[in-house]
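Q: Residue strings, one per chain:
Number of protein chains: 2
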Amino acid sequence: MTRLTREACAALDADDPLAPFRDEFHLPEGVIYLDGNSLGPLPKATPERLRQAVEQEWGTGLIRSWNDAGWIDLPFSLGDRIGRLIGAGPGTVAVADSTSVNVFKQLAAALALRPGRRVIVSEATNFPTDLYMAQGLAALLDRGHELRLVSAEEVPAALGPDVAALMLTHVDYRTGAMHDMAAVTRAAHAAGALMLWDLAHSAGAVPVDLDGAGADLAIGCGYKFLNGGPGAPAFLYVSKAIQETYRQPLTGWLGHADPFAFEPGYRPAAGIARATTGTPSILAMRALEVGVDQMLRAPKAALRAKSLALAETFMAAMAQETAGQGFRLLTPADAARRGSQVSYAHEGGYAIMQALIARGVIGDFRAPDILRFGLCPLYVRHEDVWDAVRTLAEVMRSGEWREARFARRGKVT
Amino acid sequence: MTRLTREACAALDADDPLAPFRDEFHLPEGVIYLDGNSLGPLPKATPERLRQAVEQEWGTGLIRSWNDAGWIDLPFSLGDRIGRLIGAGPGTVAVADSTSVNVFKQLAAALALRPGRRVIVSEATNFPTDLYMAQGLAALLDRGHELRLVSAEEVPAALGPDVAALMLTHVDYRTGAMHDMAAVTRAAHAAGALMLWDLAHSAGAVPVDLDGAGADLAIGCGYKFLNGGPGAPAFLYVSKAIQETYRQPLTGWLGHADPFAFEPGYRPAAGIARATTGTPSILAMRALEVGVDQMLRAPKAALRAKSLALAETFMAAMAQETAGQGFRLLTPADAARRGSQVSYAHEGGYAIMQALIARGVIGDFRAPDILRFGLCPLYVRHEDVWDAVRTLAEVMRSGEWREARFARRGKVT
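If you're matching them up, the sequences are chains A and B in order. For the first sequence, this note's numbering gives the first residue as 39, with consecutive numbering after it. For the second sequence, this note's numbering gives the first residue as 39, with consecutive numbering after it.
None of these hints come from the bench; they were simulated from the model. No experiment lies behind these values; they were computed from the predicted model shown. Keep in mind that the hints are not guaranteed to be accurate.
To be verified - What the simulated footprint calls covered on chain B by chain A, stretch by stretch (three residues with Cβ under 8 Å from a Cβ of chain A suffice, anywhere in the stretch; the number is not a length):
1. 87-101
2. 218-231
3. 314-324
4. 401-414
5. 438-446
Every residue, glycine too, gets a C-beta built ideally from N, C-alpha and C.
Required output: the full structure, derived from the provided sequences and hints.
A: Structure follows, in structure tokens:
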């Protein structure tokens, strides 16, 4: 294998059809940002869009903006645009609540659609909040529902006639491993179960075709690869095939058939609207919309090609520059099974990441020993990857990560 | 009774200790805004605070702002500040989700704390989303829970040994009638039930003393009298007395005892944090914080005194200027039983409100026949009330409200 160099990385960047997008982001001086899988950076267009929403829509339009600025339709008009990023047709996606709340709604709906079945299957290593919400739902129902947690390999065997729903995160938050959405969905359906996908690390990051895969339900996140801002609203998907029979328990006014009739009894709205609950933050949706519209302008094939190429560069640079330093690759070598991040285990992971951040290379750490590096093709360059790995090599070579100032403390790791 | 005049109103305004607050709001030219009970106006400080949160905290701080800018504590630090407006001590209020979602959490928690009891009592005319959420919860539980809907007068008689929770909106969204929080809470407790207050039309509008009244649970809204912006995050209150035994079913990562340990099993956090669920919008909380901090600067006694005085002026002007026009006052004459709005019924209510709005006086309409006027003492003047009523009188005198352009249509009334 030829030796990787900074010049070779620069040559890849020179050929990058997505290169112009980088200038659309506010990227702080002296920072290489590889944590867009946790919080996407600020699109330069967002402050002006928010200023306009605040000063014009809220400040001047006041209550009239619910009609005049289209606020009342925003969960659905923005949902439709997110749908185009995840292979979901118009009227199947709504922006609503948080990913956690949406998991609860979707699982409750799935159990109601499979009343004789009492099992939810998921991965033991799924993102914890998904599991917590399933636990909360099962405890609330108190009817003997079981959350059956298995490894990814054990999923097919876990799908029996007692399974109401299979809930998986499409791209693993720790390792970046990606499920075959179509194949797994088929397996769930073959067992008579509904398929719920968590797209937190997929939307805007990898090709997704929910309608094509025949998925039933999905949820996703606005603040990671969609660059919607901290705590951006989440979204949920309900396939056309089950919308008429879909019922979720958080039956708030926005999901009512006639929200402004103020009837005392709940009647579900037609279509995806019945999956919504209360009033979402308009300002937060205006910020999210900028990230989504930007992502829609990027050619999908180029996004995936560059994402995979960045990961190849990262892994090659790591192999070359940090060999023997104790890093163990967690991300699948097979490109078809990878999301848009690269992860390594290292027993000193926490301190190493702190030392790396102190040098301006921002990835993140996940317990117990995982260093994660998000590779967002809209703004990360091959040169950035090279510089990040070289900095990591320097952190290891110098031994600075062993200094007391990088030892674990604080709330957010 | 002396005849009310514009000059008399101006004299009241000249004596108003809250007058300087008006200039802190962006109030559009040519508009008299009496709909702050639906969506509060924009504080002038909000755009700059949001710009700073977007550009500095998100843009430059990126993921580091979860610690460095205090994002992780914001639901609780802002909750504590809201607590000071509603008589709730530190550690009893969190900013979270929407009011609808919070109703679900609080009711589920109440039922869990009263396992032998199957009835939730509320008013038939309570805000519909509160009733919808109770219906959704009861249907999900499928264990014979009953939502017992009565009139305000019938509440004491409805409180039997089968009642788990009494859920009331403190200030009625239609009429502006206010419950006696301490007395009603005592009645609920005497029956062994938990008391859940909806403060949507109370927080920032009327004196509230949750701790003093011995209330168990409450929820409230950020976008009405707290001026937090469209769809601002909601809040919830859990009294210190029941926090240790409180369990709610939307057990998301933010409510976990150790959110960053990424354990597979949920363990509730200590204190109010267990009432939270997923990641809230940081930008939306930064906007809400401006409205809350502003409200905290206003002397509480002056707020209530002016609110009541504005209502007296409104009612006197209506009696004098629109006598014989078919308006029926819905708001209690007794000041101790009033919130911070005045409402009238009129069979032509919808069209009259549209005609009024067309002339720049913004109140709102609620089905079937109610005109609502919110009276927010921070920015509404007695002169505004006078001008609003005179404009309404002109709308009636001219008969313009009968024009076809004001007939009912559209989504948001």
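Q: Can you list which hints this structure breaks, lowest number first?
A: The structure conflicts with hints 2 and 5, although it agrees with all the remaining ones.
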